[in-house]
Amino acid sequence: MNFPPIPITGVGLVTAAGRGVEPAWEALCAGRSLLASDADPELAGFPPIETARCARIDPESVGTDRRAARIMGRHTHMLLAAVQDVMADAPADPEMAEEEIAFFAGMDSVDPGRDDLLGAVRESEGRVDLEHFFSEGMDSIHPLWVLGMLNAIGFSQAAIQHRWRGENAVFSAGAEATARAICEAADSVGSGKARLALCAGVSGVVSARMLARAVRRGVWPQAGGLGEGAGVIRLNSPEGADTSKVLGWLKGHCSVRALEKRGGLARAVQESARGALVSAGLKPEDVDLLVIHGEGESRADNAEAEAISSVFGHHKPWGLATKGVFGHLWGGSPALDLIMAMKALAEGATPPSSAAEDELFRDTTDGSGRDELNNALVLLQGFDGVCSGLVVGKGA
Amino acid sequence: MSAPVFITGLGMVTSLGADVETCWRCALAGESGLAPIQSFDAQALPVAGAGEVSEETLRAIRERLPEEYAGEGERRVLFALDAAQNAVADAGMRPGDYAPERAGVVMGTGLSSYRLEDFAAWADPENGFDAARFARELEATHASGYFNNPPERATSLMAEWFELAGPTGTITSACAAAGQAIGLGMRMIRRGEADVVLCGGADSMIHPVGMAVFLLLGAASKSKDPICRPFDRKRSGLAVGEGAGVVVLESETHARARGAAPYAALSGYGASMDAHQVTAPHPAGRGAVRSMSEAMEDAGLGPDDITYVNAHGTGTKLNDPVETGAIREVFGARADSLAVSSSKSMIGHLIAACGAPEFIFTALSVARDIVHPTTCLENPDPKCDLDYVAEGAREMPVPAAITNSFGFGGQNATLLVRKAA
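If you're matching them up, the sequences are chains A and B in order.
Reading the first sequence from the start, the letters are residues 0 to 395 in numbering that gives the first Met the number 0.
Reading the second sequence from the start, the letters are residues 0 to 420 in numbering that gives the first Met the number 0.
FYI, nobody ran anything at the bench for these hints, they're computed from the structure.
Some hints could be false.
[What the hints assert, rightly or not] With the Cβ distance kept under 10 Å, some of the chain B side facing chain A (calculated, not the full set):
no. : residue
1   : ALA41
2   : LEU64
3   : TYR68
4   : ALA69
5   : GLY70
6   : SER111
7   : ALA119
8   : LEU137
9   : LEU156
10  : GLU159
11  : LEU163
12  : ALA164
13  : GLU192
14  : THR252
15  : GLY409
[Said to hold, decoys possible] EDC-like mimics (lysine to aspartate or glutamate), calculated; alpha carbons at most 16 Å apart, straight line:
no. : chain 1 : residue 1 : chain 2 : residue 2
16  : B       : LYS418    : B       : ASP304
17  : A       : LYS315    : A       : GLU238
18  : A       : LYS315    : A       : GLU305
19  : A       : LYS260    : B       : GLU394
20  : A       : LYS260    : B       : ASP18
21  : A       : LYS244    : A       : GLU371
Only a predicted model underlies this, so the values are computations on that prediction, with no experimental measurement involved.
We treat Cβ as the ideally placed atom computed from N, Cα and C, and that holds for glycine.
Kindly produce the complete structure, drawing on both the sequences and the hints.
If you want it as structure tokens, here you go:
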């Protein structure tokens with residue numbers, strides 16, 4: 000998809016490393032994995048899992064009252080914290096109309112509190128007793144319990160807090176959802192429909208129900224460690240931005256779905272990478288840094304390696320992978336990877352990572368690679384073979 | 000003003016039927032699809048009925064779907080696939096008519112819902128929930144429930160079946176989801192990402208937890224009859240419906256090149272947020288005003304060009320007067336000469352999918368110069384004082400029309416349809 004280079008003027012990030020970009024960057028540079036064996040007794044029946052969970056965020060610290068907190072899960076707290084940070088960093092122009100602020104998000108599935116429903120349901124002769132549920136059980140459920148079933152409610156909370164009234168959408172689920180949210184936010188400011196656009200990527204919260212969905216979806220335990228987190232990226236209209244404060248430039252995007260009849264996953268990764276470069280007006284040799292999806296599942300990783308080899312040929316960019324440190328954040332991954340890519344471009348440094356050991360990338364095994372880095376390509380693989388490429392350029 | 004996008008294929012499943020012409024004929028006749036619930040024992044449910052797709056229709060859908068899709072566990076996925084195959088057939092699309100990488104899919108839907116069985120089976124009276132046993136017995140989770148049906152399921156299956164390798168999206172913006180999905184489909188074509196996009200919405204909340212949701216929120220009608228009365232003084236809430244709507248959108252160039260005859264053109268899309276309260280619309284309809292105005296601006300049209308509004312019209316105390324006021328603000332003096340009707344009075348509220356069948360009805364109104372009525376409107380509400388077409392279907396010129404979808408939480412979408420040139 001084509002859009003003019005869009006200035007990125009703020010970021011907010013919540014990961015297992017803490018709040019903010021710096022703790023996450025430090026963990027990445029130190030090669031310090033935040034994944035650890037998860038001893039939550041609720042997960043005991045599942046295969047052993049490593050997770051990188053976020054620390055609890057006090058709902059009141061992110062501007063919610065007790066009533067609102069009742070309908071929020073931790074995914075909302077992560078989102079509100081990341082939003083709070085990005086807006087504190089660079090407040091909206093008070094002259095800007097609220098209707099000129101757009102908001103898009105990619106969010107994973109969410110879970111409302113379990114106890115309400117558990118107390119309301121009982122079996123009778125092996126069947127759910129619907130008469131009991133409708134006549135008595137339902138009354139024990141908090142009226143707002145149901146709002147916890149919608150990821151759009153957390154999204155709305157953020158919009159309400161900050162009075163964002165422009166165009167919007169919530170996409171679900173996984174990495175493709177957030178890649179699409181970023182692309183729609185870019186289109187919104189690039190086409191003049193908004194002057195400011197926020198785009199968020201939010202992971203699910205690790206729980207037995209989340210793992211149950213992942214198992215049934217067939218994406219876990221193959222995919223390895225799971226992380227939690229949220230990232231928010233702030234995009235300004237190209238006309239209105241102070242270029243001295245631009246953290247990076249969003250330059251291109253492309254998404255392609257893998258179809259077996261068309262060469263499967265490797266071709267889709269290839270086409271999404273090539274398409275993103277074309278939309279950014281770049282050639283493969285213009286890419287200094289490649290942020291790989293690298294989820295650790297052999298089919299996905301092999302397809303990605305094959306595609307990189309095909310797209311880049313003899314050109315070896317620096318490589319960066321985040322999942323070994325933070326786990327797979329699914330819907331949160333694109334935001335995390337884009338923010339880490341921008342940080343690497345700003346620092347002119349590539350943290351050592353598993354990606355650096357691959358023959359496809361420049362060698363950083365003797366420490367962090369330091370170089371003049373101008374453009375990064377972020378590769379993403381979402382659910383059901385949807386592949387995306389995002390191109391970001393160095394800021395001021 | 001941007002280039003129009005052609006609507007070349009329509010497919011839908013609602014409680015009125017599983018094909019567009021049946022649904023349309025029933026809607027024009029003011030027939031109600033609302034009836035007592037059959038899919039589960041609803042005797043103790045304090046709701047008289049819903050817009051439920053009959054078991055007979057569901058069986059027929061399974062029979063006409065290809066074998067690999069007929070066994071899908073979730074009703075909304077089956078509805079989506081059936082609507083999609085009908086839309087593609089209606090558009091006269093054949094393999095090779097489009098390049099897969101230039102064809103996309105965007106669907107609006109919900110996240111899926113828990114089923115009571117997913118809790119009852121592992122409830123432990125002593126210790127709450129037996130998580131360890133649950134983890135070992137995942138295959139026993141309800142086939143139609145949250146654990147087995149990710150939100151993008153229908154989107155992915157449509158892409159696989161119709162070889163749509165281009166841009167994709169699954170939108171879960173509550174009741175604005177399908178409207179936004181169709182709006183996004185239009186944008187994908189306008190900005191050159193795709194030549195063809197299948198888009199729409201699918202949802203089904205007619206199950207015990209789903210019905211409880213709307214009762215707990217105080218949104219569902221507890222009327223003793225299975226009816227929904229949008230804009231009526233005695234309206235008592237929404238009637239839950241289920242189904243799907245899928246449309247084929249094409250660039251004008253692509254449609255003309257293959258000789259497709261469009262129903263109408265999708266010319267405008269507006270989206271906004273109320274940013275007011277999670278549980279109530281902005282009292283002045285600020286977001287609704289914005290989405291309608293944006294859609295008209297996007298199409299390069301003004302209030303004088305529109306003659307019909309397919310309203311969100313839920314039949315709830317809060318929505319209907321706010322929407323009426325917003326229409327008045329946007330259209331000014333022209334508001335009194337608009338025809339405004341609510342499809343939900345006949346098919347119920349399809350929740351995340353509602354914008355899709357309502358968009359299809361709007362497109363047919365523009366194509367055929369006739370609008371369907373709002374049924375059950377017998378007691379005028381002074382706060383709802385527009386022309387709601389209460390007397391029956393009306394033949395009238397419809398050069399352009401808008402359709403509204405307003406979501407719980409404050410997300411809004413408006414689509415503008417005009418005659419194809």
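Is LYS260/A within 16 Å of GLU394/B, Cα to Cα? Given that 16 Å is the threshold and the Cα spacing comes to 48 Å, the pair is violated.
Was the hint right that GLY409/B lines chain A, CB cutoff 10 Å? holds (5 Å)
With a cut-off of 10 Å, does the beta carbon of GLY70/B approach a beta carbon of chain A closely enough for the hint to hold? Status violated, d = 15 Å.
Using Cβ atoms only, decide whether LEU163/B comes closer than 10 Å to chain A, and label the hint accordingly. Because about 7 Å separates LEU163/B from the closest Cβ in chain A, which is inside the 10 Å limit, the hint holds.
Interface hint outcome for LEU156/B [beta carbon to chain A under 10 Å]: holds (9 Å)
Given hint LEU137/B near chain A, where the shortest CB pair must fall under 10 Å: Holds. Min distance 5 Å.
Grab the minimum C-beta distance from ALA119/B to chain A and call the hint holds if it beats 10 Å, violated otherwise. At 5 Å from the nearest chain A Cβ, ALA119/B passes the 10 Å test, so the hint holds.
Could you check if GLU159/B really has its C-beta closer than 10 Å to a C-beta on chain A? Holds - the Cβ of GLU159/B comes within 10 Å of chain A, reaching about 7 Å at its closest.
Given the hint that LYS315/A pairs with GLU238/A, test it: the Cα-Cα distance must not exceed 16 Å. Violated, because 35 Å separates the two Cα atoms, which is more than 16 Å.
Has the given pair, LYS315/A with GLU305/A, been kept, meaning a C-alpha gap of at most 16 Å? holds (14 Å)
For the pair we were handed, LYS244/A and GLU371/A, check the Cα-Cα distance against 16 Å. violated (19 Å)
Would you check whether TYR68/B satisfies its interface hint, that is, whether its CB is within less than 10 Å of any CB in chain A? violated (14 Å)
In the structure shown, a violation is registered for the earlier hints numbered 2, 3, 4, 5, 14, 17, 19, 20 and 21, in ascending order.
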